[in-house]
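Protein chains in written order, with the working numbering: chain S, 1 to 304; chain A, 1 to 304.
One or more of the hints may lead you astray.
[What the hints assert, rightly or not] Over 10 Å on every C-beta distance to chain S, these chain A residues come out as not near it, computed from the model:
1. Val58
2. Arg118
3. Pro183
4. Ser219
5. Met225
6. Arg259
7. Val261
8. Glu303
[Claimed, not checked] 27 Å max Cα-Cα, derived DSSO-like pairs, lysine-lysine:
9. A:Lys105 <-> S:Lys204
10. S:Lys204 <-> A:Lys258
11. S:Lys190 <-> A:Lys204
For the record, the hints were derived by calculation from the structure and aren't laboratory data. Predicted model only: the values in this text are computed from it and were never measured. Note that the Cβ used here is the ideal one computed from N, Cα and C, for glycine as well.
Here is how the chains run, residue by residue.
There are 2 protein chains.
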Amino acid sequence: MSVLVVGSLALDTIETPFGSVKDTVGGSATYISAAASYFFSPVRIVGIVGGDFPREGVAFLEERNIDLEGLEIIEKGKTFHWAGRYRYDLNERDTLSTDLNVFEKFDPKIPERHRKSRFVVLGNIDPVLQQRVLRQMDNPRVVICDTMNYWIERKNKELLETLKQINVLILNDSEARLLSREPNLIKAGKVIRAMGPSVVIIKKGEHGALLLTESVIFSAPAYPMENIFDPTGAGDTFAGGFAGWLARTDDLSEENLKRAVIYGSTLASFCVEKFGVEGLRGLTYLQIQDRFRQFRELSRFDED
Amino acid sequence: MSVLVVGSLALDTIETPFGSVKDTVGGSATYISAAASYFFSPVRIVGIVGGDFPREGVAFLEERNIDLEGLEIIEKGKTFHWAGRYRYDLNERDTLSTDLNVFEKFDPKIPERHRKSRFVVLGNIDPVLQQRVLRQMDNPRVVICDTMNYWIERKNKELLETLKQINVLILNDSEARLLSREPNLIKAGKVIRAMGPSVVIIKKGEHGALLLTESVIFSAPAYPMENIFDPTGAGDTFAGGFAGWLARTDDLSEENLKRAVIYGSTLASFCVEKFGVEGLRGLTYLQIQDRFRQFRELSRFDED
């Protein structure tokens with residue numbers, strides 16, 4: 001078994017109503033691989049950073065025992081930088097700046113040793129790059145893919161091509177509506193499944209997530225957070241926890257997909273409790289199990 | 001055991017993307033009592049209509065074995081009339097007209113025989129009238145109350161007074177945020193509980209509902225509806241199903257409150273499948289049980 005994660009590594013400047021942080025380590029591949037690493041190790045990462053990527057960033061990934069062979073470092077370049085500000089209810093954010101820097105020329109090269117990875121997680125990057133990754137892989141068992149409004153609107157044709165080559169698509173509710181042109185989320189899920197992925201997961205933020213397969217609709221609750229500190233990376237963390245659990249168990253049954261959704265939600269709930277990747281540092285398996293059980297309590301009811 | 005419902009009876013003109021209907025029987029008390037009647041009988045209704053209230057409307061309530069002693073008929077007056085149009089995604093609606101007619105002078109008079117009712121459901125009416133109802137009651141066991149933006153904004157002081165006298169408040173997410181001035185729904189629930197009701201239920205439409213008590217947070221899924229025909233009355237139907245189940249079982253434990261939320265959701269899911277009150281006509285207990293179990297499947301997952 002093996003897990004390969006491809007996506008961005010970034011330096012994020014984040015403002016929330018509770019504080020702000022400058023140039024903290026972030027990026028989709030960082031969050032995905034850190035979350036997955038709680039279930040499966042070592043996770044392999046493929047991405048690109050500049051010479052300014054801090055020693056702490058590398059140390060964080062190393063702490064999580066992430067295989068960095070596929071991490072390209074352009075010493076003379078600058079790391080992808082994103083700056084954003086969350087509004088008071090944390091449900092909306094404004095992007096203040098996006099400097100792609102070395103990420104602009106990212107051309108993912110999968111190390112020979114990683115090409116047989118059984119689980120591939122394609123972070124939210126250009127669908128053209130996602131396909132380029134898949135062309136280098138040797139018959140992966142499961143391909144899990146994230147995307148966003150930007151690609152749905154600007155690279156629709158390319159995204160549709162990617163969708164034909166993946167097994168699981170993870171996206172949020174507004175993205176699902178945009179991609180399917182269908183306001184009803186259940187119908188949207190069906191439309192998207194017909195585009196390729198046999199499993200679609202629609203994230204609904206504070207309302208939880210929907211898992212849609214051929215025969216199952218599963219509604220996962222959201223963890224009742226009173227104090228969300230920083231939502232950055234929650235979606236990537238969800239994808240990482242989901243993928244990590246599947247890789248750990250190597251079980252693609254619908255019952256296990258449900259558990260994977262809850263483990264993804266569990267990791268995401270830890271992520272948003274602290275700034276940046278801090279929430280994904282040093283969690284114990286006991287903490288994760290405990291919160292998983294809280295998710296059960298939250299949605300459990302008996303007939304009588 | 002006995003259930004008293006106070007609220008509006010109306011004639012609704014409804015336009016949805018799927019069709020329209022003119023002057024169909026509606027109103028909060030109609031939906032609440034019809035839904036509750038599937039669990040408990042006879043439900044007592046207190047409301048007011050004009051001489052134009054159609055024979056079919058009375059027949060519908062009689063079919064549901066609803067006690068009409070408290071229904072005031074002003075032969076020379078006209079029934080409350082509401083007209084609205086739903087937008088294409090059915091999540092938003094525009095009110096086209098509201099003619100209060102006889103409802104403008106509604107002064108609920110609780111028949112002597114009904115004053116000892118143990119369960120009281122106060123539909124979405126002026127909080128001043130809600131208090132007037134409670135003053136006529138003889139120590140009810142449970143008072144369940146609905147409200148809306150209009151009263152939160154225009155009769156805030158009076159509503160806060162009502163809240164001190166009730167046990168369960170049912171409202172939707174935007175109303176909860178408005179009433180509590182708190183964007184986080186879990187915090188909003190706590191703030192509202194501190195205003196009086198020991199149980200708060202926050203309806204989230206297509207995202208289900210939250211039940212908040214002193215020690216429990218329960219997240220109920222939404223039934224995955226692909227074809228919502230007409231959302232009118234769904235919230236009232238939820239309240240009726242919830243109240244009816246509690247009255248049937250006379251059990252206020254947290255486990256049973258959860259079941260009541262699911263039964264409320266179950267009835268609401270039937271309601272929106274047809275225009276007006278049609279979805280609440282002639283359901284069998286087997287149909288209701290079957291859908292209740294589908295709600296369980298929807299949110300059930302096992303640890304391993």
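Consistency of the hints with the structure:
no.	hint	result
1	Val58	35 Å, holds
2	Arg118	21 Å, holds
3	Pro183	3 Å, violated
4	Ser219	4 Å, violated
5	Met225	7 Å, violated
6	Arg259	6 Å, violated
7	Val261	8 Å, violated
8	Glu303	7 Å, violated
9	A:Lys105 <-> S:Lys204	43 Å, violated
10	S:Lys204 <-> A:Lys258	22 Å, holds
11	S:Lys190 <-> A:Lys204	22 Å, holds
Checked against the numbered hints above, the structure breaks hints 3, 4, 5, 6, 7, 8, 9 and satisfies the rest.
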